[in-house]
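Keeping their order, the protein sequence lines are chains S and C.
Using full-length UniProt numbering, the letters of the first sequence map in sequence onto residues 1 to 161.
Using full-length UniProt numbering, the letters of the second sequence map in sequence onto residues 1 to 821.
Any given hint could turn out to be false.
[Stated by the list, open to error] The calculated lysine to any residue pairs, modelled on SDA-like cross-linking and capped at a C-alpha distance of 25 Å, are:
no., chain 1, residue 1, chain 2, residue 2
1, C, Lys562, S, Thr96
2, C, Lys562, S, Pro22
3, C, Lys562, S, Gly87
[Stated by the list, open to error] Coverage of chain C stretches by chain S, computed from C-beta distances (three or more under 8 Å per stretch; other residues unrestricted):
no., region
4, 277-290
5, 752-762
Bear in mind the hints are in silico, worked out from the structure with no lab data behind them.
Remember, it's a predicted structure, so these values are computed and weren't measured experimentally.
All C-beta atoms, glycine included, are put in the ideal place defined by N, C-alpha and C.
In case you want the letters, here they are:
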Amino acid sequence: MTDPHLLSLTVNGAEHEVVVEPRRTLADVLRHDLRLTGTHVGCEHGVCGACTVLLDDAPVRACLVFAVQAEGSEVRTVESLAGPDGGLSDLQQAFTDHHALQCGFCTPGFLLLAEGVLAEQPDASREEVREALSANLCRCTGYQTIVDAVCATARARQEAR
Amino acid sequence: MTSTPTVPADADPDRPERGDHPGDHPGHHPPSTGPRFDGHRGRWVGASVPRHEDPRLLTGRGRFVDDIALSGMLHAGFVRATVAHARLTGIDLTATREVEGVVAAYDAADLALGDIVAILDRPAEEFTPTAMPILAKDKVRFVGEPVALVVARDPYAVEDGIEAAQVSYDVLDAVTGEESALASDAPRVHDEAPDNVLLDVSMFDTPGVDEAFADAAVTVDVVTRSGRQNALPLETRGVVAAWDARDDQLHVATTTQVPHQVRTVLARCLDVPERTVRVTVPDMGGGFGQKCVVGREEIAAAAAAKRLDRPVKWIEDRREALTAGFLAREQRYRTRAAFDADGQITALDVDIVCDMGAYSCYPFTAGIEPLMASAEMPSVYRVPAYRVRGRALTSNKAPTAPYRGVSRPQYVVAIERVMERAARELGLDPVEVRRRNVITQFPYTGVNGVTYDPGTYRESLDLAEATMRDEGWYEERDRAAAQGRHLGIGYCCFSERTGYGSEAFAKRRMTVVPGFDISEIRMDTSGAVVVTSGTMNHGQSHETTFAQIVADRLGIDVGLVKLRQGDTERISYGWGTFASRSVTIGGSAVALASERLGELLCRIAAHLLETRPENVALDGDGGVVQLDDPTRRLSFTDIADVAHLRAHLLPKDVDPTLTATASFDVPGDGTFSNATHAVVVEADPGTGQVRILRYACVEDCGVVVHPQVVDGQCRGGIAQGIAGALFEEVTYDSHGEPSAASFIDYLVPTASEIPDVSIAHLETPCAFTANGAKGAGEGGTIGAPAAVLNAVNDALRDTGVELDSTPIHPWTVLAALEGTP
Ligand code: FES
Ligand code: FES
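If we strip away everything but chain S, and leave its shape as in the complex, we get (with noise of 0.2 Å):
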């Protein structure tokens, strides 16, 4: 159960290649093997959503997902989501405009959840959105500020179309 396996997988767009175990996680892959260290982990049994990933454009639990089920697959994180001239997004600026974090632990999480979010249901009202935030947990900021960025995001977006 422990031979190890040659994985090939897309993150960010570039081509990876890692030898793992066939237990080890899509989280620990992207945070120890290749050193993505953006991807937090907050409990480890897909309740948290520190850990939320893009896995071909849906977002995902990578602590949930094994490495080797990824294989093939395009995986985006964190440090993908900077602008073309390497400043923030929308989204990321829009999350700093209004305070929507604080230590910061969930902050990847929320992003990548946001993004799925916004992709999937561009026109999603306050309530839907807040709705679909609530499968990431906060600690820290009572998420009213995380659903006003995530709103901002969607109205800028949704004029700009």
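On the provided structure of chain S, position chain C with the ligands as indicated by the hints.
Same frame as chain S, but now just chain C with the ligands:
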């Protein structure tokens, strides 16, 4: 606006040529007009400037403890007790050591470390000292207690090694609550405390208590309880420790709110000079008090790193965090109160019991909760006579740490339930009863001997009530009742001592007395500033707010200021972040150091401008100006250039470089923030669930340094208070087995359960802190449980049921509603 440095290389400061002197170049700086620059009223404090912390945290470039990877690093984990109370009869790590990938396994005897001991300077009848070993020695006292340490090449091998360990127990009966702790035949958690009481203090028994009860028009007698809770920082605890041979030092990067206290305890446990330990703190994903005490695991992991001469990492998993991390909050109050016919409280008689779990925490001890509650229980009300007894019990549950608010959420529930009960007995509106009792004259010295500095107790209450009335919630409540719905409005009025100084903590008779903090500020040749603080940010935005304070004091751009904290090599000693002390104490030290640097800059400038020191001042734009001739000015870079690169030009009595230090301690009883929370809830007769329809907070934390940050502290605190009021509880069965080992069983509220919160600010500047700020970290958590509880009781007002405990379970609400006519 600054000039290029123009000090001539060969200038002799004693006989300068006027025309060659810096600042003597007309036209580089406009003559200043208007009022003199005042660093207390600058452009940054009061503005929501972009947070300095955000760019790295938003882009995945923060560095949290688990992000650290050192070459050759090993991983650690703990074999933990599977029973709550037992004698250890054997620990066999032979099989563990044979597991592939395991490098070492240690029990207490192998590591031979000193214990963690926190004591109070109180007589034996009041306080019983107990020791917390790093690894369990002869006994285990709670499920999850660390028994042995396994070090392996990766975390998966650590788990395999833990599984292979054989621990045998001689199981004892467990103490799982007040009743079982105080029973005459109760098992002893610690032999030193035969009655399972670690602290028993009757802090006040002022004259007139019994007379007031005898003469009372109305007396109320209420028992309030709060469930055991987890502060639950989203980042669990962790450490990376490595021996550095070059520095002859153990470098310990760890998640702590109190780096210097970790250094002190670690050095003592290892019996090494404190110099040989360096504690640093990376970015930290919350703490809320759980990380303001010294834990055992970081010390065990550090000891292993030293012994193996290899870096060792330990990251707490969520199961450990929920069952074996420091917990909080489990308390029971019996509060009797006497009122006269006018609804004025005439006496308070309180019995407080706090279940502190298996061990006393360092540095606060098991006494922290009952002592805090005993000292401050009269809250915002004028209580003329007061009697209180506070006890700390030990039990076979995970030990506790002071969680955001410490005993205040609980004693505020007790006194606010008293107000509500009295209102009902007296046939008065509960807000009116509060109004008749609330302190309005300041400074006010209470029956508890505490002097309260000015606040807006009455004003916040009035504004909160007006908000509810103006928004039509009272009509809505009547309409709902007419439709058979259960809607209620609840209030909580409270104050919170913030920034306890040494004097206030010394009154608790701690032998380790927190209080002061320190700061060092340095300006480099580019005019940029590095400032240190002994406080420890873990989400509160110190890098931004402290920079605002410094930038204003010096009159520079906030972007020029970099805060450094969380490194015992850079900061000689500090007390970290807890008790809403950072902006009050740390911020004041930073302000004072900045002022001293400003004075130094002025002194050097006066010398270089050849004028009297009184004839120069900071100009608010990164320079020093000559007052009688504003065309003569030196920029900070001009001065910094001299101070570092041409020190021969300095005045003879000024040392080279631009460095200033300061310390600050809060005098007397400290400063009190205050607030009133108003909540509207609806109880669902189908599910028993309570939904919050409206949450309004009116708060006063003095001068607000950063409005967004203060609002964020309020909202985050309120969310945690709501969590305690409605959702979260760690329960134990009669064997001491904890119920909640994952987020499936420990219900943390999400965006769907936490409502939007409106915040209104009143501003009563503190007379003695930098900028007049008071602490803002804990208030939200303090007010929410009582406000929610009162609102639920109001919603259930026709059922005859009174709920006095948190969390409010759906089944208790259902039971109440089933009795509704
Ligand atoms: S770490 Fe994956 S959901 Fe919590
Ligand atoms: S900002 Fe700290 S957990 Fe969300």
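Results of checking the hints against the structure:
{"no.": "1", "hint": "C:Lys562 with S:Thr96", "verdict": "holds, 19 Å"}
{"no.": "2", "hint": "C:Lys562 with S:Pro22", "verdict": "violated, 45 Å"}
{"no.": "3", "hint": "C:Lys562 with S:Gly87", "verdict": "holds, 21 Å"}
{"no.": "4", "hint": "277-290", "verdict": "holds (count 5)"}
{"no.": "5", "hint": "752-762", "verdict": "holds (count 5)"}
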